[in-house]
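The listed protein sequences correspond, in order, to chains D, F, L and S. Reminder that position 154 of the first sequence reads as 154 in my numbering, one-by-one numbering, no gaps. Reminder that position 68 of the second sequence reads as 68 in my numbering, one-by-one numbering, no gaps. Reminder that position 395 of the third sequence reads as 395 in my numbering, one-by-one numbering, no gaps. Reminder that position 386 of the fourth sequence reads as 386 in my numbering, one-by-one numbering, no gaps.
Read the hints as simulated data drawn from the structure, not as lab findings. A portion of the hints provided could be inaccurate.
The list that follows gives simulated cross-link-like pairs (lysine to any residue, SDA-like), each with its CA atoms no further than 25 Å apart [what the hints assert, rightly or not]:
(1) D:LYS43 with F:GLN38
(2) S:LYS424 with L:ASP46
(3) F:LYS85 with L:LYS116
(4) S:LYS146 with S:GLN354
Please read these numbers as outputs of a predicted model, since none were measured by experiment.
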Amino acid sequence: MAESESNGGVFDEARFLRIVELMKEHDLAEVDLRDSEQRICIKRGGPVAAALPPAPPAYPQGAAAAQASPQPAAAADDPNMVVIKSPMVGTFYSKPNPKAASFVKVGDHVDAESTICIIEAMKVFNEIPAEISGKVVAVLVKDEEAVEFGKPLFKIDTTG
Amino acid sequence: MAESESNGGVFDEARFLRIVELMKEHDLAEVDLRDSEQRICIKRGGPVAAALPPAPPAYPQGAAAAQASPQPAAAADDPNMVVIKSPMVGTFYSKPNPKAASFVKVGDHVDAESTICIIEAMKVFNEIPAEISGKVVAVLVKDEEAVEFGKPLFKIDTTG
Amino acid sequence: MYNRILIANRGEIALRIIRACREMGIETVAVFSEADRGSAYLDLADEAICIGPAKSAQSYLKIDQIISAAEVGNVEAIHPGYGFLAENSHFNEVCRSCKIDFIGPTPEAMDLLGDKNRAREIARKAKVPVVPGSGGLISDEAEALKVAHEIGFPVLIKATAGGGGKGMRVAANDLVLQTAIQQAQTEAQAAFGNAGVYLEKYVERPRHVEVQVLADLHGNVVHLWERECSTQRRHQKLIEESPAPNLPQETREAICQAAVRLIKSVNYTNAGTVEFIVDQENNFYFIEVNARIQVEHPVTEMVTGIDLIRSQIAIAAGEPLPFTQSNITQRGAAIECRINAEDSERNFQPCPGQIKKMFTPGGMGVRFESHVHQGYVVPPHYDSMIGKLIVHQPTRREAIACMLRALDELRIEGIQTTAPFHKKVLQHSEFVEGWVDTSFVERVFLNK
Amino acid sequence: MYNRILIANRGEIALRIIRACREMGIETVAVFSEADRGSAYLDLADEAICIGPAKSAQSYLKIDQIISAAEVGNVEAIHPGYGFLAENSHFNEVCRSCKIDFIGPTPEAMDLLGDKNRAREIARKAKVPVVPGSGGLISDEAEALKVAHEIGFPVLIKATAGGGGKGMRVAANDLVLQTAIQQAQTEAQAAFGNAGVYLEKYVERPRHVEVQVLADLHGNVVHLWERECSTQRRHQKLIEESPAPNLPQETREAICQAAVRLIKSVNYTNAGTVEFIVDQENNFYFIEVNARIQVEHPVTEMVTGIDLIRSQIAIAAGEPLPFTQSNITQRGAAIECRINAEDSERNFQPCPGQIKKMFTPGGMGVRFESHVHQGYVVPPHYDSMIGKLIVHQPTRREAIACMLRALDELRIEGIQTTAPFHKKVLQHSEFVEGWVDTSFVERVFLNK
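Could you build the full structure based on these sequences and the hints that come with them?
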């Protein structure tokens, strides 16, 4: 639509916007205008809503069907974003000892063997490897926070 | 659509708006107009609502929302068909005494005062009037059958 | 024993009676109004008959329709539950004339006790204490003072034609009494056209204690001990329990024996409740007899282990009581909370509507008596009680703890209920310590 | 008393323990696998911690994860429920080393009784009858005949290295014994490479009777009478009850006293169950001790009025038993039906899946112990029990009637359950008359 055509062709941005305005104003779900080889077909909101709504959740939710797999798992929105989840219950430590620097920080690159944190469980300090390579986009827990199994710890951009 | 075309092309805004107005006025969900190469197809609100599945019934159904009004009530399908329902609990008798003929039979014409049956409750024989005029289309209970409040007794065609 | 009975009621008590019948091998005929059509509990009856539209006056209170349903349903007896026709002696008589057993006392016993003044007279004759009073109209100040000194201050001046508090005055001493008598007479004259007043002892902060009685057709009468029902709002019971806390054992036994004396003196049969008020010095006074099963009967069932509904049916069918007084003991403590579809934040206004989501409490010592469920629509036509939550534990302290956890477990969405209010009451020190009188709820929670 | 405990279990027993804790004012930490995430009962805990994926081996059986959750959750004790780690003495020891109380017996008592042969030896020393036997390997026919005459026919020949019925033979007289000994030795040699066999009295149509015991840390030991659990399918209990029907009072008391003797002799503490078989002449023989709370504990709770889970917690916290043996009486009769998500028409195959619709039974004397509800998804990863329906009535006959009506009220759609099968069993004359032995279900219903 960048190159607006003369004489009101179907790619005319002004006309396009005008139709959209009218659709909004009059709550139209779909407009399909054809003339010989020309066609303007615009759908609004409708198709999305028209899709089956998710089943209302049973109450209480009951045992969940979705089984969050432990680390690493792709974030729902972006297949390149991977969330590293806690493989155990315990206390999260971001650094090898209180005086040291963090294993990783946002912006760091990690590879599969990189230790990204320690989780203490039963007095044992378990070094947790990234098991994936990429760039650290977010650290999702605080130092010394208690974490349960499956708790999201880090967000990794695997293209990074 | 800014530049309204002559001779009423499909992109004519005035015509477009007129159609939308008519759709609103008459509560139309969809208009699809075609003429040879030309086509104007507009959908309003409709698709959204149309797609929604009916809410699954709660279980058990609970106290019913629909309150069957006692006699006479129009049958759901045909506004001219009226069902006469029992105004009380008791035993239904189609005739004044065992040797007599039925008060009414299919095909008979009844008017508001016609006695159509007797319902015995607590040793009292209650004569039940039709309270409507029309032709008996069906007798829905058997002689001497126990009936509850609201039980459909007769179907009457009010055009008959 | 009966083969088939009709239940002339709805909701939780109808379900309660259906359950008892199923356990006894008795078939049931349920009746329902159009507002209750499709209710789940009706499925548990052997037959269900619609008797009229939603309005009680045209269905659950309509004697001819219920009798007709009983005849159509071919039953031998009718259980009236509580409310509706349960204490209607005319209905009771109609049942008898139709040769259908009424599961309750005779119409005669019902009439005798239904009149409050006659019941008072019967109580006096049975040597059951009643609230002391002048026993007749007071003519002047001198007589009033004499009576007041006999029965002791404070005294209540009541209009003989009165009602609703009009013409009522409390006097705590001679001086107040002298002026109050005149005022009361003037007020009564104005309000009722009748200046007659009488005196009664004014019971301060009374407790409501009632005794459950069972009497068979063979002259056996037993009591099932007492219930404490002082937690009330506007004379509507909210919480009931058994045993009554902080009631001396000798008082408990004296009240229960008084109740049995009264019941025996009128040849009352079936289940009944004798209501008393108990003052702060544990003096007790007869108030009235409820000639029916009561909403709060389960607390007695829990502590005695005796099924009162099954007992009612067996008694009506002519069976002798299967236990004697000495077999009936109170074991542990039971508490009942009435769960009403009411918004306690908005002056307890009723909240009919659909229960969108529901989770019912369970576990040891918890009994939930209710006909409602997820998806049920509470109709606006009847009283707002949707269930009764009852707990039974070895001690009252444990019963309160158990009730609190059960109230937490009860989740009802879509309508408001009294469950949150009950939690507040149960945690209040007066309740916890067991020193509740009938003014407690209004005094403490409603700032009245 | 504890401030906070962790519940190392799931489902109905986790909910049962949460309820007990709430009543005691103790905070709870629940643990759950990913298959149980979102389960409603977890909402009733003060904290819920995910400990691993659906597989038990990686979650509910994973000692380090549970201990780690206990540390993170800052609890003082762990209740193991039944199954999973409940009788794992290593877990018990790990708890001790981490200074977390294990709510159950000591690891030592667990180990002592966990070995069946050692337990038999302990029983003999405590003068508790065990099934009479040769007490060692049988070398030849002559010795076999001698032993058989001592213990009485019929006798069971068992391979010392055996299991699963291999090498087992029953002999009812001298002649059969002589040939059977040789056959059994040959078969044992072939199957296990060990021809050693021994003799044991063969108990025909045994009944399974068990005794509930509570022992505090101060040397007080009491029994809570017996449970009859003979209604089994493939050694899985289906229906349990208390008291055991048709058990002479002297046998009942002798069994219970034997159980207490045994428990005292090993300084066992907390709740435990001593299992016996009882023959048709009411001789009883010790089988084993279950060193944990049992699925069927509610029937004992109903008849005694004693909360076993609260008792377990109080004992572990060091409190003395608040009752003595003479306070503990059986009142009425209680029956429990295990409601499993199984299709009894299809060889009891498990039916995991979503409960589309559900209506739970209630009313007097009915207790439904379950964590499931409308909308719940029964996960395929764990055992199929979804609830326990328990009734309590004055008599066994009434309890059966009450259970039948409660089973009728229980409506579960979406999955199959064992409820219909229970109805058939409860109506069978052998069950009604109380003459059930452990072969009953298979003999009568499974045509085996």
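Do the hints match the structure? See the list:
Among the hinted pairs, LYS43 (chain D) with GLN38 (chain F) is consistent with the structure: their alpha-carbon atoms are about 19 Å apart, no more than 25 Å. The suggested pairing of LYS424 (chain S) with ASP46 (chain L) holds, with an alpha-carbon distance near 20 Å, which does not exceed 25 Å. Simply put, LYS85 (chain F) and LYS116 (chain L) have alpha-carbon atoms about 44 Å apart, too far for the 25 Å limit, and the pair is violated. Restraint check for LYS146 (chain S) and GLN354 (chain S): the C-alpha separation of about 60 Å exceeds 25 Å, so the hint is violated.
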